[in-house]
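So the sequence lines, in the order shown, correspond to chains U and G.
Read in my numbering, the first sequence has 641 at position 235, and its numbers run on one by one without any break.
Read in my numbering, the second sequence has 414 at position 8, and its numbers run on one by one without any break.
Read the hints as simulated data drawn from the structure, not as lab findings.
No residue lacks a Cβ here, since even glycine has one placed at the ideal position from N, Cα and C.
Hints may contain errors.
[To be verified] DSS-like, lysine-lysine: derived pairs with alpha carbons at most 25 Å apart: (1) G:LYS642 <-> U:LYS537; (2) U:LYS781 <-> U:LYS642; (3) U:LYS573 <-> G:LYS667.
[What the hints assert, rightly or not] Simulated restraints, written as ranges between beta carbons of each label pair: (4) U:PRO533 <-> G:THR553: 39 to 47 Å; (5) U:GLU615 <-> G:GLY668: 32 to 40 Å; (6) G:SER937 <-> U:GLN584: 51 to 59 Å; (7) G:GLU542 <-> U:THR558: 51 to 59 Å; (8) G:ILE663 <-> U:GLN584: 35 to 43 Å; (9) G:ILE663 <-> U:THR558: 15 to 23 Å; (10) U:PRO533 <-> G:SER1002: 55 to 63 Å.
Number of protein chains: 2
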Amino acid sequence: MATNYRVKFDVAEEAVEIPAGSMLTAAAEKAGIQINQPCGGQGRCGQCAVQVTSGKVRRRSTMRLSTEDVEQGYAIACQTVVEGDLEVVVPPQEKIQQHLTTGQSAADVSVPDGYLAKQAQVIHRVPLELKPPSMEDQTSDWARLRTALLQTTSLAQVDISLPVLQKLSGVLRENNWQVTPVLYAESSLQADGSAQVIDILPGLVAPDEPLWGAAVDIGTTTVKVMVVDLISGEPKGQASEYNAQITRGEDVISRIIFSSKGTGNQTLRELVLETINELLNKASRRAKTRPEKIYHTVISGNSTMIHLLLQIPPSSIRLAPYVTVANHIPVLSALETGLNSHPEGKVTCLPGVASYVGSDITAGVLSSGLSETEKVTLFLDVGTNGEMVLGSNEWLVTCACSAGPAFEGAGVLHGMRATTGAIDEVWINSQNLESSWRVIGGGKPKGLCGSALISLLAEMLMTGVINKSGRFDFTRDTERIRKGSHGGEYVVCWEDETEIGEDIILTEVDIDNLMRAKAAIFAGFSVLGDSVGMPLKAVEQVLIGGGFGQYINVEKAVQIGLLPDMPWEKFEFLGNTSLKGAYLALLDFQNREEISRIASKMTYIELSADNRFFDAFTSAMFLPHTDMTLFPSVQISLDK
Amino acid sequence: MATNYRVKFDVAEEAVEIPAGSMLTAAAEKAGIQINQPCGGQGRCGQCAVQVTSGKVRRRSTMRLSTEDVEQGYAIACQTVVEGDLEVVVPPQEKIQQHLTTGQSAADVSVPDGYLAKQAQVIHRVPLELKPPSMEDQTSDWARLRTALLQTTSLAQVDISLPVLQKLSGVLRENNWQVTPVLYAESSLQADGSAQVIDILPGLVAPDEPLWGAAVDIGTTTVKVMVVDLISGEPKGQASEYNAQITRGEDVISRIIFSSKGTGNQTLRELVLETINELLNKASRRAKTRPEKIYHTVISGNSTMIHLLLQIPPSSIRLAPYVTVANHIPVLSALETGLNSHPEGKVTCLPGVASYVGSDITAGVLSSGLSETEKVTLFLDVGTNGEMVLGSNEWLVTCACSAGPAFEGAGVLHGMRATTGAIDEVWINSQNLESSWRVIGGGKPKGLCGSALISLLAEMLMTGVINKSGRFDFTRDTERIRKGSHGGEYVVCWEDETEIGEDIILTEVDIDNLMRAKAAIFAGFSVLGDSVGMPLKAVEQVLIGGGFGQYINVEKAVQIGLLPDMPWEKFEFLGNTSLKGAYLALLDFQNREEISRIASKMTYIELSADNRFFDAFTSAMFLPHTDMTLFPSVQISLDK
């Protein structure tokens, strides 16, 4: 006899009894509760998430839920087995949607355990009560300050910037010789190193008063800024915005071309500075401070973004043999770089590896933990380029595939960026081939963003709308499959359902572009594995970073052959690993040094010069792949 | 029987015969040649200098002649003994005057023996033929350059400035990867130190192509600039001009006061930059180069001048306890300082010791050789302040007496700076008390400059116009001594002899000011000697630097008690020791380090806090002094 459990939903009058081992969706059905299941109960969409506030369940999958979500009791109803009496909260549908689309967009960082500013920081305040000068002691102001600093710290050398010299005598005398110099040290104050006085504050500043820094991730599309209290290590304000350079080209290649014409390079610098400075203002307001109080900014970004920020001509990045002007940038001042933080504040641009493997990736490798794990790990950041790293704590190989901007919505008829009005997930009913979808921000759809394109491609394949070559099956009985001016096409939304007043469709040309992009990325995996003589199945975990990564539905990405076919639990979505890496480097100079080590340690494989890449690319120009033994789970699904 | 020698003057028809041991003036008289002797043949004025082009003479004194002059045969006729057959050129009088007034005004430097740029310089060009990047070697431009630099030199670390990064890729590619980076190294390239790439030149620059640096001496009154080829070490262009700050105050005190009002500090910075930049232009033109090609500028100046250049508020210099904001300034860039040399070029402000002992003195101590001699040496720089150093290679004590600007012509009714129209030397006929004088640039006189004031005071004392207390002897039978509105006065020039249309006079008030100034300086000597328990007569040499020093007539300066009473041969005039020190520091980093050591090593004695100073000052408020045993030679002259 099977045990029965009682399940009480908050939105239902009465509890229901169901047999142990039932799905939560079954319990909901019995209780008469509507739970959206656009994917048809396959656990793919996460739309049926509920919160189990009491009682025992077993989750078959936590796909699309964060660890935090699971800790709070969230469960995907269609993938969750009842194993005890339960109390369940059904969140309003909008709440789930919002959570799924934006909940993870802010970098989800936490202060590292045992963080101690004193040991980890390069920015330090050293409150000093100085003995005023007298006729018996006519030491200069700077020598007096310097001596006190050398006595208070273990530093071997202290220097000073001209602007601080210019304000020094006033601050000392107006504050009765009680002042708090701000130092930038090469490493910690405890070390026998050197430091520079970059500011001097009036009076004796209390040790726990916030001391400000910023982490900045310059993406080709989006710039993110996090203002951090360096004393507690806590992020206190975040902001993100489109990179204003977008108006001068959507991808790095078009920006490089723009930069090489006339004053293009200067224009692009001014545009990205405009964005960063606006975000520093916004994030500072949220942190209840001002940008002028930020003494250290750590920046990550792809190599082109870093070149453009510093007005270093990026042309050589685009032309064979594809070299950067510099991967390692010296530490600069905010004044030199044009940031509106404290003018003598320091700006660290984290080091990259190559033209298409920038510091967004090295920072990502650090924050993902890849460089410290013993597990063979594949780290992936899909944007305009697919940058990937294979390795562990002992070795790292990296490459970048010019996947093109298809997954960012460019080169696709109704593609668009993941903003309000974009469809971000599509489901196709396998019976009638009708579609349903989810729109970011609700409302009528305007187009398809990257994750929708993956979904759509997978659904079309799994429901037989297209075959493995990406060709349409015109024999199916539906108006949605038709011939258009671009060859075959599938109608996702009818004209009257959309915001744009025309059918939203996916054409064979679009499919071709998407297949090229996914084939390039998968070929990258293959070459990386090949270069170290390791099959992809030896990979023990797949870490996915980047803004795009966090919306990918793994199952669908595997179905189209974008990601390798592995058990879901091997995949982990890490959110903005680049910003998180910049944050970690901002907090602890050892992290910054570790990123330098990572950059030096990585073996870069230039795919454009590698014949293996073309072979692997050609083999991957099918859905999911010509070699179906690489995709056993997809084979099984297709067989169904 | 005395031997006879033949002396042939160029301006005489015939040679004359005179006994061995005769003076040249006697030979001239016999030949019927007029040689000016305003001082009456005492060897004080140098006006009777002639050039012995052939034959042997013995010079009793070479006062007012440079070593070079003597090498060229110049001799002061009234102090030169005929010891063989001679040929003598009598220079036109104007030529002598000009020589005496301006001949030594340019810094008279010569390249140190064995100067080797490679070993001594901090600025280096390193021509490099780089291997271009390829698909097999995708090293970044900067890493490629850096690796080549580390391989070519012994440097442990090479950094790069942002502006060079910005132009790097263009210069490399336009020049087929043949380039010449310009480095600023902490010491020599041979050392295991660090350096920064501050520019990158196209092509392979030949090793002997000039490489430019500049030495700058910022005086309160005059700024001097010397543009130097760092490869050969030779000064190639010089220029000097009044410090444009003069319009905002003649001495450091009035400038400090001006600087503390409103935007005064900024105004003074702009004014001195205007002067320096104009001089850099002018000296560069003379050196056939441009300021933008100057990669290193070494600056000396008194502490106030350095503060004002860098817009560091100098107020504390003026107020007890008289401290500077900084004596040691970090190495800056031309961009930061506002110089119009290469923006990434370095600017070294040499280190000073105290508020009134600046880097003009530390540089002077180096260039005078004081810090390397075993002789007990007194180094003196008289300007607005009398700065002095007593010591040897083992110890150094220094002090500054606020002598006031009397010897610069300020605070004296008809005082003026040593410019065209200023009387720079005065003689009084001891019989009739009539005056004669010399005017800078010839023409009618406008007033009395510092050296004239010393002359005049001494002549008045030696001829009995005034007594040891500086009071006039109204019993003398001359119209030149009279009572005026300021008490007693002596008329140097009558109204119709002057440019200004009034009598040029020296009053008792003027005399009082001058006595205070000379007493302060002499009291300084006393305290310095006292502080190391050493009488002044133990001093083995007196080195006199500064623009003012070179015009001082030692005998007259001794007569009024401004300089200690010592044999003339112990005195040496070194010209602009400050600029010369800056030049030496520009040439060789070891000199720069030595100046730092000098600055650290000097014991500074604050006179305003020293009772000994007031006692010594009071004792020195006589001409030459209350204690005549300190001035035996003056006693003898007075007894005559």
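Given hint LYS537 (chain U) paired with LYS642 (chain G) - CA-CA distance at most 25 Å: Measuring from Cα to Cα gives roughly 48 Å; hence the hint is violated.
Cβ separation of GLU542 (chain G) and THR558 (chain U), checked against the hinted range 51 to 59 Å: holds (52 Å)
Pair hint LYS781 (chain U) and LYS642 (chain U), alpha-carbon separation not exceeding 25 Å: violated (34 Å)
SER937 (chain G) paired with GLN584 (chain U), Cβ distance criterion 51 to 59 Å: violated (35 Å)
Hinted pair LYS573 (chain U) and LYS667 (chain G), Cα distance within 25 Å: Holds, because 15 Å separates the two Cα atoms, which is no more than 25 Å.
Outcome of range test on Cβ distance (PRO533 (chain U), SER1002 (chain G); 55 to 63 Å): violated (30 Å)
Outcome for the supplied range 15 to 23 Å, where the beta carbon pair is ILE663 (chain G) and THR558 (chain U): Given a distance of about 36 Å, which is not inside 15 to 23 Å, the answer is violated.
CB-CB spacing for THR553 (chain G) and PRO533 (chain U) relative to the 39 to 47 Å hint: For PRO533 (chain U) and THR553 (chain G) the Cβ distance comes to about 44 Å; the hint holds.
Cβ separation of GLU615 (chain U) and GLY668 (chain G), checked against the hinted range 32 to 40 Å: holds (34 Å)
Range hint 35 to 43 Å (beta carbons of ILE663 (chain G) and GLN584 (chain U)) holds or violated: This hint is violated: roughly 28 Å between Cβ atoms.
The structure fails to meet hints 1, 2, 6, 8, 9, 10 from the earlier list, while all remaining hints are met.
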